[in-house]
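*Asks:* Each chain, letter by letter, is given below.
Protein chains: 2
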Amino acid sequence: MTIDTHSAPTAEQLDAIRAIVGPKGIVEGDDATPFLSERRNRWQGATPLVVAPASPQEVSEVVKICAKHKIAITPQGGNTGLVGGQIPLGNEILLSLKRLRNIRAVEPLNNSMTLDAGLTLAEAQEIAHEAGRFFPLSIGSEGTCQIGGVISTNAGGVNVLRYGNMRDLVLGIEAVLPNGEIWNSLKRLRKNNTGYDLKQLLIGGEGTLGIVTGAVLKLFPLPAQKVTICAGLDNTDNVVKLLSLAQAATGGNVSSFELMYRLCIDLTLKHIPNTRDPLNARHPVYVLAEFTSSAPTDAGLRESVEALLAEALEKNIIRDATIAENEAQAQNLWHIRHSVSEATSGEGLGARHDVSVSTNDIPAFIEKANTAVKKIVPTARFVTFGHIGDGNIHYNILAEEGADKHALDDQRETIEQAVYDVIGDFDGSISAEHGIGRHRRDDLAARKSPVEMEMMRAIKKALDPQGIMNPGKML
Amino acid sequence: MTIDTHSAPTAEQLDAIRAIVGPKGIVEGDDATPFLSERRNRWQGATPLVVAPASPQEVSEVVKICAKHKIAITPQGGNTGLVGGQIPLGNEILLSLKRLRNIRAVEPLNNSMTLDAGLTLAEAQEIAHEAGRFFPLSIGSEGTCQIGGVISTNAGGVNVLRYGNMRDLVLGIEAVLPNGEIWNSLKRLRKNNTGYDLKQLLIGGEGTLGIVTGAVLKLFPLPAQKVTICAGLDNTDNVVKLLSLAQAATGGNVSSFELMYRLCIDLTLKHIPNTRDPLNARHPVYVLAEFTSSAPTDAGLRESVEALLAEALEKNIIRDATIAENEAQAQNLWHIRHSVSEATSGEGLGARHDVSVSTNDIPAFIEKANTAVKKIVPTARFVTFGHIGDGNIHYNILAEEGADKHALDDQRETIEQAVYDVIGDFDGSISAEHGIGRHRRDDLAARKSPVEMEMMRAIKKALDPQGIMNPGKML
Numbered sequence: 001m002t003i004d005t006h007s008a009p010t011a012e013q014l015d016a017i018r019a020i021v022g023p024k025g026i027v028e029g030d031d032a033t034p035f036l037s038e039r040r041n042r043w044q045g046a047t048p049l050v051v052a053p054a055s056p057q058e059v060s061e062v063v064k065i066c067a068k069h070k071i072a073i074t075p076q077g078g079n080t081g082l083v084g085g086q087i088p089l090g091n092e093i094l095l096s097l098k099r100l101r102n103i104r105a106v107e108p109l110n111n112s113m114t115l116d117a118g119l120t121l122a123e124a125q126e127i128a129h130e131a132g133r134f135f136p137l138s139i140g141s142e143g144t145c146q147i148g149g150v151i152s153t154n155a156g157g158v159n160v161l162r163y164g165n166m167r168d169l170v171l172g173i174e175a176v177l178p179n180g181e182i183w184n185s186l187k188r189l190r191k192n193n194t195g196y197d198l199k200q201l202l203i204g205g206e207g208t209l210g211i212v213t214g215a216v217l218k219l220f221p222l223p224a225q226k227v228t229i230c231a232g233l234d235n236t237d238n239v240v241k242l243l244s245l246a247q248a249a250t251g252g253n254v255s256s257f258e259l260m261y262r263l264c265i266d267l268t269l270k271h272i273p274n275t276r277d278p279l280n281a282r283h284p285v286y287v288l289a290e291f292t293s294s295a296p297t298d299a300g301l302r303e304s305v306e307a308l309l310a311e312a313l314e315k316n317i318i319r320d321a322t323i324a325e326n327e328a329q330a331q332n333l334w335h336i337r338h339s340v341s342e343a344t345s346g347e348g349l350g351a352r353h354d355v356s357v358s359t360n361d362i363p364a365f366i367e368k369a370n371t372a373v374k375k376i377v378p379t380a381r382f383v384t385f386g387h388i389g390d391g392n393i394h395y396n397i398l399a400e401e402g403a404d405k406h407a408l409d410d411q412r413e414t415i416e417q418a419v420y421d422v423i424g425d426f427d428g429s430i431s432a433e434h435g436i437g438r439h440r441r442d443d444l445a446a447r448k449s450p451v452e453m454e455m456m457r458a459i460k461k462a463l464d465p466q467g468i469m470n471p472g473k474m475l
Numbered sequence: 001m002t003i004d005t006h007s008a009p010t011a012e013q014l015d016a017i018r019a020i021v022g023p024k025g026i027v028e029g030d031d032a033t034p035f036l037s038e039r040r041n042r043w044q045g046a047t048p049l050v051v052a053p054a055s056p057q058e059v060s061e062v063v064k065i066c067a068k069h070k071i072a073i074t075p076q077g078g079n080t081g082l083v084g085g086q087i088p089l090g091n092e093i094l095l096s097l098k099r100l101r102n103i104r105a106v107e108p109l110n111n112s113m114t115l116d117a118g119l120t121l122a123e124a125q126e127i128a129h130e131a132g133r134f135f136p137l138s139i140g141s142e143g144t145c146q147i148g149g150v151i152s153t154n155a156g157g158v159n160v161l162r163y164g165n166m167r168d169l170v171l172g173i174e175a176v177l178p179n180g181e182i183w184n185s186l187k188r189l190r191k192n193n194t195g196y197d198l199k200q201l202l203i204g205g206e207g208t209l210g211i212v213t214g215a216v217l218k219l220f221p222l223p224a225q226k227v228t229i230c231a232g233l234d235n236t237d238n239v240v241k242l243l244s245l246a247q248a249a250t251g252g253n254v255s256s257f258e259l260m261y262r263l264c265i266d267l268t269l270k271h272i273p274n275t276r277d278p279l280n281a282r283h284p285v286y287v288l289a290e291f292t293s294s295a296p297t298d299a300g301l302r303e304s305v306e307a308l309l310a311e312a313l314e315k316n317i318i319r320d321a322t323i324a325e326n327e328a329q330a331q332n333l334w335h336i337r338h339s340v341s342e343a344t345s346g347e348g349l350g351a352r353h354d355v356s357v358s359t360n361d362i363p364a365f366i367e368k369a370n371t372a373v374k375k376i377v378p379t380a381r382f383v384t385f386g387h388i389g390d391g392n393i394h395y396n397i398l399a400e401e402g403a404d405k406h407a408l409d410d411q412r413e414t415i416e417q418a419v420y421d422v423i424g425d426f427d428g429s430i431s432a433e434h435g436i437g438r439h440r441r442d443d444l445a446a447r448k449s450p451v452e453m454e455m456m457r458a459i460k461k462a463l464d465p466q467g468i469m470n471p472g473k474m475l
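If you're matching them up, the sequences are chains R and V in order. Heads up, the first sequence is in this note's numbering, so the first residue is 1 and it goes up one at a time. Heads up, the second sequence is in this note's numbering, so the first residue is 1 and it goes up one at a time.
Keep in mind the hints are simulated off the structure, nothing from the lab. Fair warning: this is a prediction, and the values are worked out from it, not measured in the lab. The reader is advised that the hints may include incorrect statements.
Straight line, CA to CA, 27 angstroms or less: simulated BS3-like cross-link-like pairs of lysine-lysine [unchecked claim]:
| no. | chain 1 | residue 1 | chain 2 | residue 2 |
| --- | --- | --- | --- | --- |
| 1 | R | Lys368 | R | Lys241 |
| 2 | V | Lys461 | R | Lys448 |
| 3 | V | Lys448 | V | Lys368 |
| 4 | V | Lys315 | R | Lys448 |
| 5 | V | Lys24 | V | Lys98 |
| 6 | R | Lys98 | R | Lys68 |
| 7 | R | Lys64 | V | Lys405 |
| 8 | V | Lys461 | R | Lys70 |
| 9 | R | Lys68 | V | Lys98 |
| 10 | R | Lys368 | R | Lys405 |
| 11 | V | Lys70 | V | Lys461 |
| 12 | R | Lys461 | V | Lys241 |
| 13 | R | Lys241 | R | Lys315 |
| 14 | V | Lys405 | R | Lys461 |
| 15 | R | Lys270 | R | Lys374 |
| 16 | R | Lys374 | R | Lys315 |
| 17 | R | Lys461 | V | Lys226 |
| 18 | R | Lys368 | V | Lys68 |
| 19 | R | Lys187 | V | Lys68 |
| 20 | R | Lys461 | V | Lys461 |
| 21 | V | Lys187 | R | Lys241 |
| 22 | V | Lys24 | V | Lys64 |
| 23 | V | Lys187 | R | Lys461 |
| 24 | V | Lys315 | V | Lys270 |
| 25 | V | Lys368 | R | Lys187 |
| 26 | R | Lys226 | V | Lys226 |
| 27 | V | Lys187 | V | Lys241 |
| 28 | V | Lys241 | R | Lys187 |
| 29 | R | Lys64 | V | Lys461 |
| 30 | V | Lys448 | R | Lys461 |
| 31 | V | Lys448 | R | Lys187 |
| 32 | V | Lys187 | R | Lys448 |
| 33 | V | Lys405 | V | Lys368 |
| 34 | R | Lys226 | R | Lys315 |
So the derived list for chain R, only partly shown, Cβ under 10 angstroms to chain V, looks like this [claimed, not checked]:
| no. | residue |
| --- | --- |
| 35 | Asn102 |
| 36 | Ile103 |
| 37 | Glu181 |
| 38 | Asn193 |
| 39 | Leu201 |
| 40 | Lys241 |
Every residue, glycine too, gets a C-beta built ideally from N, C-alpha and C.
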């Protein structure tokens, strides 16, 4: 099921594809270059043709030709993926969804909207907002990433704690299957127990089972109130305690609960302009939390949060805290959090992990992982942060201060495997948000249970018997 | 893939199964009778053996023998299903999960618990409560139905609007696959993008792809406050408007939003003891809604609901409303709602449907369906109620008042098909909660898109190539 089994398409076959989409649907020459590299420059792709169909029907016709001639396909959305899932390896045509941009329906009374796959996530948020509703998925790349890609990678982000991953926000999908048939399952229903919930296979399927061309997404009431806080804590145990306390004190109103170790703040202050220390004193660990309520008369949110912080101070769970007094202050806090990744890159390449464990296992995981990494790199620095409310840790390692950016290049693989070993001890996930793609493919095969790998392969074979959909990715 | 392809097991094969589970694991003679009929007495089953393994390991060993000899299996939980999915047709052994009753882990800091499949839903709620947490799934049969069955049928109930169906409440599962292997995917993670989310196939899979033996379930903060109301309205348009208003006014705090037409109230008053009219005057339509908040300091919930009702009265969306002043009053309101099904049975068998449409399509659906049914039975009475906040309507038809209980028996099939035709016009679901089982199997094949039926069959064949798992159900 690797790309090796697919030969390059002939000129005649490519002409047949060109004829379907017309000149507007072909990206050539220098214009094609941006489709073949990704933002971390980890992979440089190659393809015989970049094709951008204008409609699900055109996608279907292109895929039918590919199915007939056993031509492999790599679907691509906004090309923001971090694991190379969207980059063709050589003989696959690259099928971009960028021209599928119709708003098919917005139904506020059903709290749903039906969109083409090529609209960006930011556009989807805006469409919801214009209808007086909230679409909660929010990730750093939202201005560029597309709905189809967000579905195919089951994206997460900062609002998962309250609203779920993309999987939880999809009511229905439309997809072109590996045989070229259009599967219309654009259901707008909250309840539907009529057979296997097949859309779940394409959500997070990384384009290996079909190409998502449209979707029905869930909408929510607009948040009417928001309280953003930053707290300083002594250790990760207290972070978990604060989370539990926050959930008890404000119910379902914790939207975001983000962890940053002190080094994240230091690196951000060093590398990113317009950032300032969120609290007066230095603390080992910081929590950035956001509480939202969509009830217009719920004046109690701010009071609930104040009571929570008072209780946490009294119980020595936190050392200090600040509440953002306005949107500008809230944005300043978020600016730090959103800059950690860039600040880390400014310091060095290091080794990066996007892992998850059970929330109660977070302190033990971090301790055990730090110990394991220090055995390999005694001077390692830990840029540990993430969506801690979801058990999702961006666990990143840097060499000692002042070291060359590439100092850990030779040890990266050893570090990663050591971290994944610890993840295995806690029955965690080696890829919480970013997926498998090309980057973690071998790790997946090595670390997932043989029973489950066998099930995955059986399903891939059942739905894509020729293996033409995004070969060399995930499986 | 029907039962016809499986012959009866031999005495020797049955002895091999008996040897695995021992005398305690075999149910014989009169004791076996309750396993073979269900509460609506629609199907009388038959089986060569009722076997109740004591552990996932024993389930695995039994299934391995079945796989070896191509013996079919019908898994059974609490035997509360309404579509016959849990009743063997003849040659299948009946595999009861009732002896799998271990609490494997309760982790309040992770808001999760790991349970064996044979614990009842009510026990699961209680286990959560003892840990200071809330497990929200609630259905009429919760004292009897089991976690494994609730997962395999993706049960819904009264709290779906806020907390989702069972699918949304499962973090991980353990299952015995059709080849007898134990698939342990008891993940306690909120984020895990490592390949296809295979558990989604077994959730709502009705036992056709494997036997769920354990699960990790999500927990929530305990609701600290609750406000229950009943409102009288002129028509269904206003019901949808009230829902939208309620969501805007109280944010995510609408837990239940239930519709009852006046006839539901009349039949309940007539057939069920200890029920009283919820409002002074008669209204065409009633809404029973519950608002909950888990924030202890959220004193604003009651005020929000009062403001909502005042606004709805002023806008002529509702005609009258009552707020339950205590738990007893709230229970009285719920008693009416929970009794509608029994009251309907007291009046006649009629024709019953468990359907769903987009929330904004509810008024048009009811009008069009009523018209279609009246063409068949001009004197039909409509016992229309349901979880309207989820677009889920229990759309039930009775013959005219005083008619024989079996008056509609001959027309039932014609009525059902007419209602399903209307459901098709609205792209709705012919089974919102209850599933397919044996009852709606032919309807599914006739009404689901050929593309999707083909995908379902391909997956069934891939994971259960011998077709031994619950044959004759769903597919």
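*Asks:* Each hint: holds or not?
*Replies:* These are the hints, each one checked on the structure:
no., hint, verdict
1, R:Lys368 to R:Lys241, "19 angstroms, holds"
2, V:Lys461 to R:Lys448, "23 angstroms, holds"
3, V:Lys448 to V:Lys368, "21 angstroms, holds"
4, V:Lys315 to R:Lys448, "57 angstroms, violated"
5, V:Lys24 to V:Lys98, "12 angstroms, holds"
6, R:Lys98 to R:Lys68, "24 angstroms, holds"
7, R:Lys64 to V:Lys405, "55 angstroms, violated"
8, V:Lys461 to R:Lys70, "23 angstroms, holds"
9, R:Lys68 to V:Lys98, "50 angstroms, violated"
10, R:Lys368 to R:Lys405, "25 angstroms, holds"
11, V:Lys70 to V:Lys461, "14 angstroms, holds"
12, R:Lys461 to V:Lys241, "47 angstroms, violated"
13, R:Lys241 to R:Lys315, "10 angstroms, holds"
14, V:Lys405 to R:Lys461, "51 angstroms, violated"
15, R:Lys270 to R:Lys374, "24 angstroms, holds"
16, R:Lys374 to R:Lys315, "33 angstroms, violated"
17, R:Lys461 to V:Lys226, "50 angstroms, violated"
18, R:Lys368 to V:Lys68, "44 angstroms, violated"
19, R:Lys187 to V:Lys68, "40 angstroms, violated"
20, R:Lys461 to V:Lys461, "11 angstroms, holds"
21, V:Lys187 to R:Lys241, "22 angstroms, holds"
22, V:Lys24 to V:Lys64, "20 angstroms, holds"
23, V:Lys187 to R:Lys461, "25 angstroms, holds"
24, V:Lys315 to V:Lys270, "33 angstroms, violated"
25, V:Lys368 to R:Lys187, "20 angstroms, holds"
26, R:Lys226 to V:Lys226, "23 angstroms, holds"
27, V:Lys187 to V:Lys241, "40 angstroms, violated"
28, V:Lys241 to R:Lys187, "22 angstroms, holds"
29, R:Lys64 to V:Lys461, "24 angstroms, holds"
30, V:Lys448 to R:Lys461, "23 angstroms, holds"
31, V:Lys448 to R:Lys187, "12 angstroms, holds"
32, V:Lys187 to R:Lys448, "12 angstroms, holds"
33, V:Lys405 to V:Lys368, "25 angstroms, holds"
34, R:Lys226 to R:Lys315, "25 angstroms, holds"
35, Asn102, "18 angstroms, violated"
36, Ile103, "17 angstroms, violated"
37, Glu181, "5 angstroms, holds"
38, Asn193, "5 angstroms, holds"
39, Leu201, "6 angstroms, holds"
40, Lys241, "8 angstroms, holds"
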